[in-house]
Amino acid sequence: MFIFHVDVNSAYLSWTASFLLEQGHPVDLRNIPSVVGGDPTKRRGIILAKSIPAKHYGIQTGDTLYEAKQKYPALVVVSPDYDLYMRCSDSLYLLLCEYSSHVQRFSVDECFLDWPSSSHTRKDAIRMGRDIKERIFHELGFTVNVGLSNNKLLAKMASELQKPNQLHTLFPDEIKEKMWPLPVEDLFMVGRATQKKLYKFNIRTIKDLAQTKPDFLQTIFKSHGLKIHLYANGIDDSVIEPKQTLLQKSIGNSTTIPYDITEKSDSHLILLALCERVGMRLRRSEGLAQVVSVHIKTSQFAYAMHQKKLFSATDETQEIFRNAKTLLDEMDLKEPLRHLGIHVSELIHNDFYQISFLDPKDRAKQRTLERTIDKLRNRYGEKSIFRSCFVNSGMEPLQGGVHDEDYLMMSSIL
Amino acid sequence: MKFSIDQASFLEGVQIVQRAISTKSVLPPILSGIYMESKDQNIILKATDLEIGIECVLSANVSENGSTVLPARYFVELVKKLPNIELHIEEGDNGQIRIGYGKSEVMLNAFSADEFPPLQQFEEKNMLSLPKDKLIAAIRNVSIAASSDYTRPIFTGILLEITDGNLLKLVATDTHRLAYTEVRLDKEPSDFNTSIIIPSKSLIEISRIFNMDEGEVTIYLDKNKILFEADHIKITSRLIEGKFVNYKQVIPEEFTTRVRVLRKELNDSLERASLLSRDDLSKRKHNTVKLSIQEEVMDISSKSSQIGELEEMIPVFLEGKTLDIGFNARYLLDVLRVIDTEEIVIDLTTELSPGILRPVDGQDQSLFLVLPIRLS
Chain A
12 MFIFHVDVNS AYLSWTASFL LEQGHPVDLR NIPSVVGGDP TKRRGIILAK SIPAKHYGIQ
72 TGDTLYEAKQ KYPALVVVSP DYDLYMRCSD SLYLLLCEYS SHVQRFSVDE CFLDWPSSSH
132 TRKDAIRMGR DIKERIFHEL GFTVNVGLSN NKLLAKMASE LQKPNQLHTL FPDEIKEKMW
192 PLPVEDLFMV GRATQKKLYK FNIRTIKDLA QTKPDFLQTI FKSHGLKIHL YANGIDDSVI
252 EPKQTLLQKS IGNSTTIPYD ITEKSDSHLI LLALCERVGM RLRRSEGLAQ VVSVHIKTSQ
312 FAYAMHQKKL FSATDETQEI FRNAKTLLDE MDLKEPLRHL GIHVSELIHN DFYQISFLDP
372 KDRAKQRTLE RTIDKLRNRY GEKSIFRSCF VNSGMEPLQG GVHDEDYLMM SSIL
Chain P
3 MKFSIDQASF LEGVQIVQRA ISTKSVLPPI LSGIYMESKD QNIILKATDL EIGIECVLSA
63 NVSENGSTVL PARYFVELVK KLPNIELHIE EGDNGQIRIG YGKSEVMLNA FSADEFPPLQ
123 QFEEKNMLSL PKDKLIAAIR NVSIAASSDY TRPIFTGILL EITDGNLLKL VATDTHRLAY
183 TEVRLDKEPS DFNTSIIIPS KSLIEISRIF NMDEGEVTIY LDKNKILFEA DHIKITSRLI
243 EGKFVNYKQV IPEEFTTRVR VLRKELNDSL ERASLLSRDD LSKRKHNTVK LSIQEEVMDI
303 SSKSSQIGEL EEMIPVFLEG KTLDIGFNAR YLLDVLRVID TEEIVIDLTT ELSPGILRPV
363 DGQDQSLFLV LPIRLS
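Residue numbers (our numbering), protein chains in the order written: chain A, 12 to 425; chain P, 3 to 378.
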């Protein structure tokens, strides 16, 4: 069995860069000091990804925008576009699916691929790895590292070896030579806290860890000690779990209104305009929401939030709006509104849905309708079709669009 | 209080009333006890958690009337472990209760009997009676579909409805499935045209406590409570307030696909299929199986990315169109567990509309409705 690990090189930055190039942006962000993160107009937020030139100025992931600007004042800052990242991630996944039916999405920018090896040699596998890497570069426009081995752990370790745009193998017979000399903190599942403790016992390389007695590690780290000991020896028996689509934790949308909203009907319209985008994103992510929440700020800057667990999970704009409206009405506000936001969370996949009596009668019809509207909007623009209640209302039929949702950070699902 | 009774019958009594004891810590401590009263050659045992109340009368050799409340946990465990001989029970000093057995004795600390809430009283007005075995069978049939999600209390109850003078119906649903059963009463109840919702927990206790024999159970109804009486045992329950779903509306009257299948064969296939449909990693509770209904065979398949996949074929008689549909295997198995006929029929319309399962016994007294899982 051959396992490939495909890891996008500085994913957020290179995805944004290739998208901008495609849009006619004159320079490649990857070649100048640039970062993805925060909101450049508001001058706040943290660095999510950095280019290699930015790294040379000491800019690190997790720095605040302010700190980064201090290190290099001419730094180019771009906002993250999570929808773009999800699309890039999807296309990466689809491309890999052409090679094997066993592809597991490990995070936004990482996939594992299982290739049964009964009749293939290592040479075949290396050739296929190269092919994958080249195709991603030519067809999708970004570079990846490919790690090749017999299990998931070694494949992942291999893809980390040297970046960018490389293919590495790390088969069990190569562990001593390629993995053992590495510092122990490079091992998967050895974090900062574990590293500190290991250093105390003078375990500094993966080789040191591999040769430590497991009993000793168990007394210090409990079961985790045994696990990292196995990992240091390149042993991992976890299986590829295919068809795992990525699901965000929540999807949200909000807007600040430049004037005071006093009429209930106006606030409902704004809420509906916000729900439109939430519904579209939810359906695109193939998720169903189980919780709807509404948050508001009044003209006096008072903040309030109200949420509700739904009887049955949904991805319908109409249904989300109906619940959001109830929530807003329940808040019973005395002051005028200046800010409105909506979130859907506790998302589940929509591939198997247990039907309930409480589901609206025309659910199937409504589903088809909303999916058709999504298609029209994707093809002819977001405002190609909108609800008639917005005609002559002076309100935008789709509002918000600021990404204020909790996305899975890279490598966060283990 | 002073009486003697043999251990076996005493144990049976305390174990019956113990079923009403709740472990909920929000209840007053006195409710963790079993009330015991000796009166005119009878022992009355009572326990309640304010939702359900159980009273059991035993005959005994009483020499002094009186009452007490004993902590259920220790009391029941103790009686269980006592030898099967005559027990002598009497009030001791300091409010303790003395249980003598042979030459030995045990003293238990007791609560004061005055603190124990009286069980609810019922007028002998709204009452009906039916054979115990019919009631128990009906409860067993419908209770499978009741919900255990207390955020929607209505669905944790079972609807009891009497129409046409003597037709008793029980209905339960958790919104994903529904069970319906009816019992024709021999005797017309006195002024009992009603529809009430009883907590399914209470009814399940009733089906466990009463013996499945020839006797009759009498039901008394009051505004917000109900009493079941049989075998010297009285069980009261609070009712659930609110309106039950309109179950008639969700039961389709027409179908386009009807399959007849051997119950055991379907059951065994589904048991195997459900083994391979539990996907722990995806955190889905669904136990999805796909039924592909064709002429003469039904193809049952399930799949788990971690374990593997399964496909079985069982013979069926098909009337109408072929159909592919997904179900939660657990819901189907629950139904097959309570049906005891050799064959069942399943009526279906589309892959998104409910499937109806019925025993083939020509009596048409029960039906089970299961909503499908939408497959992508």
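The hints are simulated quantities; they were obtained by calculation from the structure and are not laboratory data. Honestly, I wouldn't trust all of these hints.
Partial list, derived from the structure: chain A residues whose beta carbon lies under 7 Å from chain P [unchecked claim]: (1) Val87; (2) Phe363; (3) Tyr364; (4) Gln365; (5) Ile366; (6) Phe368; (7) Ala375; (8) Gln377.
20 Å max Cα-Cα, derived SDA-like pairs, lysine to any residue [as the list claims (entries may be wrong)]: (9) A:Lys372 / P:Val340; (10) A:Lys372 / P:Val247; (11) P:Lys127 / P:Leu241; (12) A:Lys319 / P:Tyr152; (13) P:Lys136 / P:Val340; (14) A:Lys376 / P:Thr352; (15) P:Lys292 / A:Pro44; (16) A:Lys372 / P:Lys136.
Over the 12 Å line for every Cβ pair with chain P, so calculated as not near, a few chain A residues [stated by the list, open to error]: (17) Glu171; (18) Phe182; (19) Val195; (20) Lys224; (21) Phe322; (22) Ser323; (23) Arg374; (24) Cys400.
Even for Gly, the Cβ is constructed at its ideal location relative to N, Cα and C.
Hints, verified against the model:
1. Restraint check, A:Val87 versus chain P: the minimum CB separation of about 40 Å is more than 7 Å; hint violated.
2. Proximity of A:Phe363 to chain P holds as hinted, the smallest CB-CB distance being about 5 Å (cut-off 7 Å).
3. With 7 Å as the threshold, the beta carbon of A:Tyr364 comes within range of chain P, its nearest partner Cβ sitting at about 4 Å, so the hint holds.
4. Because the smallest distance between the Cβ of A:Gln365 and any Cβ of chain P comes to about 5 Å, under 7 Å, the interface hint for this residue holds.
5. Contact between A:Ile366 and chain P, as hinted, is supported at the beta carbon level, the nearest pair being about 4 Å apart and thus within 7 Å.
6. Because the closest C-beta pair between A:Phe368 and chain P is about 5 Å apart, less than 7 Å, the hint holds.
7. Residue-level restraint check for A:Ala375 holds (minimum Cβ-Cβ distance to chain P is 6 Å; threshold 7 Å).
8. Interface hint status for A:Gln377: violated, as the beta-carbon distance to the closest one in chain P is roughly 13 Å, over 7 Å.
9. A C-alpha spacing of about 30 Å is found between A:Lys372 and P:Val340, which places the hinted pair above 20 Å, so the restraint is violated.
10. Annotation: proposed proximity of A:Lys372 to P:Val247 holds, straight-line Cα distance about 14 Å (limit 20 Å).
11. Between the alpha carbons of P:Lys127 and P:Leu241 the distance comes to roughly 18 Å, so the proposed pair stays at or under 20 Å and holds.
12. Taking the CA atoms of A:Lys319 and P:Tyr152, the gap is about 16 Å. The hint holds against a cut of 20 Å.
13. Taking the CA atoms of P:Lys136 and P:Val340, the gap is near 14 Å; set against the 20 Å cutoff, the hint holds.
14. A hinted pair counts as satisfied when its Cα atoms are at most 20 Å apart, and A:Lys376 with P:Thr352 qualifies at roughly 14 Å.
15. For the given pair, P:Lys292 sits about 54 Å from A:Pro44 by alpha-carbon distance, which is inconsistent with the 20 Å threshold.
16. A hinted pair counts as satisfied when its Cα atoms are at most 20 Å apart, and A:Lys372 with P:Lys136 does not qualify at roughly 36 Å.
17. Here A:Glu171 stays apart from chain P, with its beta-carbon at least about 24 Å from theirs, past the 12 Å limit.
18. Non-interface status of A:Phe182 relative to chain P is upheld: no Cβ of that chain comes within 12 Å, the nearest being about 25 Å off.
19. Against the 12 Å criterion, A:Val195 stays outside the reach of chain P, whose nearest CB is about 29 Å from its own CB.
20. Remark: the non-interface label on A:Lys224 is consistent with the geometry, its nearest Cβ contact in chain P lying 32 Å away (cut-off 12 Å).
21. Look at A:Phe322: its CB is around 7 Å from the nearest CB on chain P, not clear of 12 Å, so calling it non-interface is violated.
22. Taking the minimum C-beta to C-beta distance to chain P, about 8 Å, the non-interface status of A:Ser323 is violated against the 12 Å cut.
23. Not every CB of chain P lies more than 12 Å from the CB of A:Arg374, the least distance being 8 Å, so the non-interface label is violated.
24. Consistency note on A:Cys400: stated as away from chain P, and its beta-carbon is indeed over 12 Å from all of that chain's, at 30 Å minimum.
When the structure is compared with the earlier hints, violations turn up for hints 1, 8, 9, 15, 16, 21, 22 and 23 and for no others.
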